[in-house]
Amino acid sequence: MRDSVIIPMAGRGTRFGAPYPKELHVVAAHRTVLHCCLGPLTALGPERLRVVCVVGPDRARSMDVVAEELGGRGADVVFTVQNRRRHGPGLGGAVRAGLPYCEGVTALVLPDQIFTTREPDDFAVAMDLARRHGRSALVHPTTDPGALRADGAVAYDRESGLITACEEKPERDLGRFDGLWVVPMAGPDHRELLPSVATDPARVLTGAACVEVGSYVNVTRPSDVWGLRCPTY
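The numbers in our numbering rise by one with no breaks, and the one at position 20 of the sequence shown is 20.
Honestly, the hints are just simulated from the structure, not real lab data.
Computed from a predicted model, the values in this text were never measured in an experiment.
Note that beta-carbon positions come from the ideal geometry of N, C-alpha and C, so glycine has one too.
Keep in mind that the hints are not guaranteed to be accurate.
[Stated by the list, open to error] Derived DEER-like restraints, expressed as beta-carbon distance ranges:
1) 223 x 1: 24 to 32 angstroms
2) 214 x 30: 19 to 27 angstroms
3) 72 x 189: 31 to 39 angstroms
4) 133 x 17: 38 to 46 angstroms
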């Protein structure tokens, strides 16, 4: 059985302010944000993955990038469309559209989040934690108030390796958080929780095991990747 990764690419990304999907913004020669995002998956071993891309209009080039980077290395790549009436809007709807095609542990990788792992096998370690304990996540350690207000904030205990609290874009009591969730993962028995991660991440991640990433950039504006070197694996 393969493990699964959902990559939601159906959003319009209007805040980015470009006439193309933000995952196709060029970071270096022949390397886009999406190429950078997929790097950790190539290190994981594509032959063990089913990659489920949830797409909307004007995503042909994004589909090509995934097919080339992961399908060309042995991943089982599936493309499906988010129907807002059937699946619901936003990230939750995109995850619901992808879930029927998933097997094994399911990870949610956002195509506008660039991260590096501290060790080459950290992604695989997190997936094994989800397999054994039901839920896990890659997390980025930070206490920056601006980052905590803008993303999914978590508090986690380094001794036990567990997430103890989680809130989406908190406005108060920021001192209780010390990280952001980057990639949530769920085993087969907890997979149906994943659509809630955008609106009620505590339901998905509180009590989940976690592994820290080495670096993290949430790409919301072109300036977020100025001077960034696309990670290589």
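These are the hints, each one checked on the structure:
no.: 1; hint: 223 x 1: 24 to 32 angstroms; result: 42 angstroms, violated
no.: 2; hint: 214 x 30: 19 to 27 angstroms; result: 24 angstroms, holds
no.: 3; hint: 72 x 189: 31 to 39 angstroms; result: 32 angstroms, holds
no.: 4; hint: 133 x 17: 38 to 46 angstroms; result: 41 angstroms, holds
Consistency with the previously given hints fails for number 1 only.
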